[in-house]
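Asker: Single-letter residue listing:
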Amino acid sequence: MAELRGLGAINDKLAQQGVRLIALSVDAPKDSKRVVEKNKLPFPILADERREVLRSYGLVHAKGGPGGSDVAIPADILIDRDGKILWKHVSAKVTDRPYTEEILEAVAQHRSSGA
Amino acid sequence: MTDTPANPAVAARRKSLLLAIVGLVLILAAPFALFLTMENEFIRRTMFTAWVFLAAGVVATVMALRASRRIPVLILSSLTLVLGALLVVSFTVFTKLPAATTINQLAMAPDFTLPDQEGKPVSLSDLRGRDRVLLVFYRGHW
Chain U
1093 MAELRGLGAI NDKLAQQGVR LIALSVDAPK DSKRVVEKNK LPFPILADER
1143 REVLRSYGLV HAKGGPGGSD VAIPADILID RDGKILWKHV SAKVTDRPYT
1193 EEILEAVAQH RSSGA
Chain R
8 MTDTPANPAV AARRKSLLLA IVGLVLILAA PFALFLTMEN EFIRRTMFTA
58 WVFLAAGVVA TVMALRASRR IPVLILSSLT LVLGALLVVS FTVFTKLPAA
108 TTINQLAMAP DFTLPDQEGK PVSLSDLRGR DRVLLVFYRG HW
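Chains U and R supply the protein sequences, listed in that same order. According to this note's numbering, the first sequence is numbered sequentially starting from 1093. According to this note's numbering, the second sequence is numbered sequentially starting from 8.
To be clear, the hints were calculated from the coordinates, so they are not data collected in a lab. Treat the hints with caution; some may be incorrect.
Across the chosen pairs, the derived CB separations fall in these ranges [as the list claims (entries may be wrong)]:
1) Val89/R to Ser1204/U: 53 to 63 Å
2) Leu25/R to Ala1154/U: 23 to 33 Å
3) Ala1184/U to Asp118/R: 18 to 28 Å
4) Met45/R to Pro1134/U: 17 to 27 Å
5) Ala1184/U to Glu46/R: 17 to 27 Å
Computed cross-link-like contacts, SDA-like style, restricted to lysine to any residue with a CA-CA straight-line distance of at most 20 Å [claimed, not checked]:
6) Lys22/R to Val65/R
7) Lys1180/U to Lys22/R
8) Lys127/R to Arg1142/U
Backbone N, C-alpha and C fix where the C-beta goes; we use that ideal spot for every residue, glycine too.
The task is simple: from the sequences and hints, build the whole structure.
Answerer: See the structure below:
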């Protein structure tokens, strides 16, 4: 939750740089809605309940969640307007999340190719 | 007659017991102290608060053992060191994630359509057409 609040705090700066912030989890929409409302998040949380998107990105942590459920390997991926991956940070440990400063630096460095 | 211990050995035992208790309390408090300071990015990343409490607990326990080896102190110290070891293992071993391989081979971000928290379908291709997208794969509890 603190991670999401931290991201919420840089949402405006990201928007100024032309970047839309989208979070994705395996939680059901109603659970994510609680999280969004409770933490007053300015960005949406998408629901990948069937873990299909996790699989297509290769970010499944099999049995890593409560009750042995599959959850996400945490990752931040900066995607260009044409779908190209510009930058990513994939966590090796649960505590290994990029600092918001690192995200802002990556956004400033990896501008869109072309227009 | 006041209750001051004239015998330095008694004083040492009391100090030792107190230190052993303090050591155990610090170890038990480590996860809570971490939780209370979690809003800070640096602490979330390094678990700094927990390590400080752990180290302080170990120091207090070692000091206790040096002052006395009586049974109560030994019991408390053993408990502290076992719990401390469990905490260290959970902070190091249990935080490891499996290596993600596929993502490193992807040049393009696979498209998808998923419901947002209101149930409204959101497509990656719709979003990124106008802006760059920062897609954050999130898991709870951290």
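Asker: Are the hints correct? Go through all of them and say.
Answerer: For each hint, the structure was consulted:
no.: 1; hint: Val89/R to Ser1204/U: 53 to 63 Å; in the structure: 55 Å, holds
no.: 2; hint: Leu25/R to Ala1154/U: 23 to 33 Å; in the structure: 47 Å, violated
no.: 3; hint: Ala1184/U to Asp118/R: 18 to 28 Å; in the structure: 27 Å, holds
no.: 4; hint: Met45/R to Pro1134/U: 17 to 27 Å; in the structure: 21 Å, holds
no.: 5; hint: Ala1184/U to Glu46/R: 17 to 27 Å; in the structure: 23 Å, holds
no.: 6; hint: Lys22/R to Val65/R; in the structure: 16 Å, holds
no.: 7; hint: Lys1180/U to Lys22/R; in the structure: 53 Å, violated
no.: 8; hint: Lys127/R to Arg1142/U; in the structure: 16 Å, holds
Figure legend: structure checked against the earlier numbered hints; hints not met, in rising order: 2 and 7.
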